[in-house]
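Trainee: Can you make the complete structure from the sequences, with help from the hints?
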Amino acid sequence: MTIDHEMLTGFSKSFGLFYLIAMSIGVLVYTYWPSNKKPFENAAKAVVSDEEDRPCL
Amino acid sequence: MISQLTGNERVLAAFTFLILLCVGVAMAAAGRDDLIGTHGWIIAVSAIAGAVALLRAYDAPAPSATRLSEYYDDPSKVGIILTLIWGVIGMLVGVWVAALLAWPELTIDAAWASFGRLRPVHTSGVIFGFGGNALIATSFHVLQRTTRARLPDQFSPWFVLFGYNLFCVLAASGYLMGITQSKEYAEPEWYADIWLVVVWVVYFSIYIRTLLRRKEPHIYVANWYYMAFILVVALLHIINNLAVPLSFGHAKSYSLFSGVQDAMTQWWYGHNAVAFFLTAGFLGMMYYYLPKRAGRPIYSYRTSIISFWGITFMYMWAGSHHLHYTALPHWVQSLGMAFSVVLLVPSWASAGNALLTLNGAWHKVRDDAVLRFMMLAAIFYGLATFEGSFMAIRAVNSLSHYTDWTIGHVHAGALGWVAMITYGSLYALTPWLWKRPALYSAKLVEWHFWLALSGTVVYVFAMWNSGVIQGLMWRTYNDSGTLSYSFVDSLVAMHPYYIARALGGLLFLAGAVIALYNIVMTIRSPVAVASESASDIPLGLEPSAPIAQAGE
Chain E
1 MTIDHEMLTG FSKSFGLFYL IAMSIGVLVY TYWPSNKKPF ENAAKAVVSD
51 EEDRPCL
Chain V
1 MISQLTGNER VLAAFTFLIL LCVGVAMAAA GRDDLIGTHG WIIAVSAIAG
51 AVALLRAYDA PAPSATRLSE YYDDPSKVGI ILTLIWGVIG MLVGVWVAAL
101 LAWPELTIDA AWASFGRLRP VHTSGVIFGF GGNALIATSF HVLQRTTRAR
151 LPDQFSPWFV LFGYNLFCVL AASGYLMGIT QSKEYAEPEW YADIWLVVVW
201 VVYFSIYIRT LLRRKEPHIY VANWYYMAFI LVVALLHIIN NLAVPLSFGH
251 AKSYSLFSGV QDAMTQWWYG HNAVAFFLTA GFLGMMYYYL PKRAGRPIYS
301 YRTSIISFWG ITFMYMWAGS HHLHYTALPH WVQSLGMAFS VVLLVPSWAS
351 AGNALLTLNG AWHKVRDDAV LRFMMLAAIF YGLATFEGSF MAIRAVNSLS
401 HYTDWTIGHV HAGALGWVAM ITYGSLYALT PWLWKRPALY SAKLVEWHFW
451 LALSGTVVYV FAMWNSGVIQ GLMWRTYNDS GTLSYSFVDS LVAMHPYYIA
501 RALGGLLFLA GAVIALYNIV MTIRSPVAVA SESASDIPLG LEPSAPIAQA
551 GE
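Chain order of the listed sequences is E and V. With full-length UniProt numbering, letter number 56 in the first sequence gets 56, and the count goes up by one each step, no holes. With full-length UniProt numbering, letter number 161 in the second sequence gets 161, and the count goes up by one each step, no holes.
In case anyone wonders, no lab produced these hints; they're calculated from the structure. Worth double-checking, as some hints may not be accurate.
Lysine-lysine pairs mimicking DSSO-like chemistry, simulated, CA-CA at most 30 Å apart [unchecked claim]:
id, chain 1, residue 1, chain 2, residue 2
1, E, Lys-45, V, Lys-364
2, V, Lys-364, E, Lys-13
3, V, Lys-215, E, Lys-37
4, E, Lys-38, V, Lys-215
Per label pair, the in silico range of CB-to-CB distance [unchecked claim]:
id, chain 1, residue 1, chain 2, residue 2, range
5, E, Asp-50, V, Tyr-517, 27 to 35 Å
6, E, Gly-10, V, Lys-252, 36 to 44 Å
7, V, Arg-213, E, Asp-50, 58 to 66 Å
8, V, Phe-204, E, Glu-41, 28 to 36 Å
9, V, Val-520, E, Glu-41, 17 to 25 Å
10, E, Glu-41, V, Phe-461, 38 to 46 Å
11, V, Ser-441, E, Glu-41, 31 to 39 Å
12, V, Ser-114, E, Glu-41, 51 to 59 Å
13, E, Gly-10, V, Gln-261, 51 to 59 Å
14, E, Tyr-19, V, Ile-238, 17 to 25 Å
Even glycine gets a Cβ: it sits at the ideal position worked out from N, Cα and C.
Mentor: Structure representation (structure tokens):
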């Protein structure tokens, strides 16, 4: 198989579509995975909490 | 700062300066008949200055172990000052080149003062000098707070900060001497590019090493944006700058790419510089400082994750919209156009997320100009991304491309979004880092806010008018099928808008000077709050602390 322009454009036009769709589904699953809800909320709240401004040792 | 380095770090610093000195002298010797020689001297002198500073404090006692129970903020502090200084320099040169466009006879008869050499000093000065230093300074602060871990060591943050500024100085001084590889936003030549790669690798390693030691299990979304910025900029920078120098003693190099491949690589780089340098990094800033200042968690954390992946993966494909109606294959142009339009979704999700976070805190936005800077940044982010998606459509691009509309669009983003979120964040950060109860003057922040807003509006409206008129004049045909207007006709029509643009820029520059003054005066004011831990929360929420005497 020779790697030429035709082959590369064919690959980009087909595979590109499917990997981006697969990645979008992956991101959505991760984001809405029920057990992730709590860590996300904690992370958002931790930013505005006024704990001591020191590293955790 | 030398006294904060441990013994091993002082040795490491000494070796770094020694290597830098050798490289500088070698460049100066090999390039004695070329412009690269001057840069060799600049590198050598920087190394000597560093070595002198090191030797003067070499015998200082080693830092105590109690330092590990504090965050390491000194690099961020110096970074804030450098940001503000580069901002004033970059914007001053911007007003200068804007004035040259309005009144070309104002130029002085010197090669370095020509428009072509000054303009990249403006663009690199504001993007890399102002924007880059702001990103480095804030990323160190956000990284430590959101991971609850101190930076891994005391040497590498300084290496990144000063190494990066050496790159900025090499870039700006090179342009004035006439060194350029003629790639927009990637003008510095091969040796400066290699140096930036070294600095960037250390920068990313600081991020990874701190994250490995994090005490928070989840990595806050702002860090994802900062990491995307560092990682992708490295990728873009290395690929777009692949070049073969004439010799080790010459500044000139030849790009690995040619023709349309070169154009595509350059605009893949150019658009993603906008995406990852001017967008992702500053979104990281927004996702930390806006909730912090408003005292409210981000409206939807899930949306921030979805828009992160949307922005990082879709921007990669949008660059070809810079090459509509060129030799680039038609389907690649269409691909860039389609991704640019879809990009509106994650962009507006981010802008909407920021504004909805403020929903319920509008009284704070009204009273606090610092928070208002951040709100305005989110609005301009929404406006500029909508405009960008729209301009990427081929039919719209046929009117807008090569006109001042593009300049207006860039400045809606750069002044309205990047500069506003930066000033808002720095105003919030300065009292926290220097442990001051408040900024030197809230009134000056108000002045800055209104100068920045009016300057941006004047600039953007001038360029919209100018660009649309230009575009229409260039495509108007008469009955015999030839162009109705000459190029000079369109230039004459631009003149009033060029004057308005210079005025808008001048207003924005005045605000930048006020910001520098206000922050320097905040640092110099001798008041400190008694309780250190109370200083890291927004004003208004803070319990009234007794004010300590100077020098206490």
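Trainee: Take the hints in turn and mark each one as holding or not.
Mentor: Here's how the hints hold up against the structure:
{"no.": "1", "hint": "Lys-45/E to Lys-364/V", "result": "holds, 19 Å"}
{"no.": "2", "hint": "Lys-364/V to Lys-13/E", "result": "violated, 50 Å"}
{"no.": "3", "hint": "Lys-215/V to Lys-37/E", "result": "holds, 19 Å"}
{"no.": "4", "hint": "Lys-38/E to Lys-215/V", "result": "holds, 17 Å"}
{"no.": "5", "hint": "Asp-50/E to Tyr-517/V: 27 to 35 Å", "result": "holds, 30 Å"}
{"no.": "6", "hint": "Gly-10/E to Lys-252/V: 36 to 44 Å", "result": "holds, 39 Å"}
{"no.": "7", "hint": "Arg-213/V to Asp-50/E: 58 to 66 Å", "result": "violated, 23 Å"}
{"no.": "8", "hint": "Phe-204/V to Glu-41/E: 28 to 36 Å", "result": "holds, 29 Å"}
{"no.": "9", "hint": "Val-520/V to Glu-41/E: 17 to 25 Å", "result": "violated, 40 Å"}
{"no.": "10", "hint": "Glu-41/E to Phe-461/V: 38 to 46 Å", "result": "holds, 42 Å"}
{"no.": "11", "hint": "Ser-441/V to Glu-41/E: 31 to 39 Å", "result": "holds, 38 Å"}
{"no.": "12", "hint": "Ser-114/V to Glu-41/E: 51 to 59 Å", "result": "holds, 56 Å"}
{"no.": "13", "hint": "Gly-10/E to Gln-261/V: 51 to 59 Å", "result": "violated, 19 Å"}
{"no.": "14", "hint": "Tyr-19/E to Ile-238/V: 17 to 25 Å", "result": "holds, 23 Å"}
Taken one by one, the earlier hints fail for this structure at numbers 2, 7, 9 and 13, listed in ascending order.
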